[in-house]
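My numbering puts the sequence shown at residues 1 to 158.
Just so you know, these hints were derived from the structure itself, not from any lab. Careful: at least some of the hints might be erroneous.
To be verified - Cut-off 30 Å, straight-line C-alpha distance, at most; resulting in silico cross-link-like pairs (DSS-like, lysine-lysine):
| no. | residue 1 | residue 2 |
| --- | --- | --- |
| 1 | Lys84 | Lys97 |
| 2 | Lys20 | Lys63 |
| 3 | Lys146 | Lys97 |
| 4 | Lys7 | Lys84 |
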Amino acid sequence: TYSIEKKGVYDFERFYRDAKEWSGEHKFFFNEKVFPMSKSGDGNEISWNFELARKGDNYFNYKISVMIYIFRQIDVVVDIDGQKVRMNQGYVHIQIKPFFERDYQDFFKNTKFHGFLQNVYENYLIGHRLGKAFGILGAETDSLIKNMRKSLLMDIGS
Numbered sequence: 001t002y003s004i005e006k007k008g009v010y011d012f013e014r015f016y017r018d019a020k021e022w023s024g025e026h027k028f029f030f031n032e033k034v035f036p037m038s039k040s041g042d043g044n045e046i047s048w049n050f051e052l053a054r055k056g057d058n059y060f061n062y063k064i065s066v067m068i069y070i071f072r073q074i075d076v077v078v079d080i081d082g083q084k085v086r087m088n089q090g091y092v093h094i095q096i097k098p099f100f101e102r103d104y105q106d107f108f109k110n111t112k113f114h115g116f117l118q119n120v121y122e123n124y125l126i127g128h129r130l131g132k133a134f135g136i137l138g139a140e141t142d143s144l145i146k147n148m149r150k151s152l153l154m155d156i157g158s
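Produce the complete structure using the sequences and hints provided.
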């Protein structure tokens, strides 16, 4: 699990739009699970959970689970290059968990013998494919993290 934390100014609408655009550009299906928002005396509280999914092959799918918690979000006006821009300010905490959905067609789910066959299949027949897929999932996760940090104005100039 990877974490990103930001306390300060950001543009939540841009962050939301960039997350969806990134998933489309990288051919991930964007499945928004939860998006409750509540108001408190200190600002808005947002809990936003979504899952990104992409087919790997006939045995596994790539998945990235994203949980975003925003505390004390308020609207602010910021002066950027002499122009007044509406943005948000608050504390953002993001957890990103990449994983594989293995045997998503349930070939090996019935008996202990099928479990043994699954172990043989994964360790001896397709181990090289899974290793390559771990590398792909790691690179996609790194790209998502960089995109999110940029959207939150954390990596300006890099």
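Status of each hint after checking the structure:
A C-alpha spacing of about 36 Å is found between Lys84 and Lys97, which places the hinted pair above 30 Å, so the restraint is violated. With a C-alpha separation of about 15 Å, the suggested pairing of Lys20 with Lys63 holds against the 30 Å cut-off. The suggested pairing of Lys146 with Lys97 holds, with an alpha-carbon distance near 15 Å, which does not exceed 30 Å. For the given pair, Lys7 sits about 21 Å from Lys84 by alpha-carbon distance, which is consistent with the 30 Å threshold.
In the structure shown, a violation is registered for the earlier hint numbered 1 alone.
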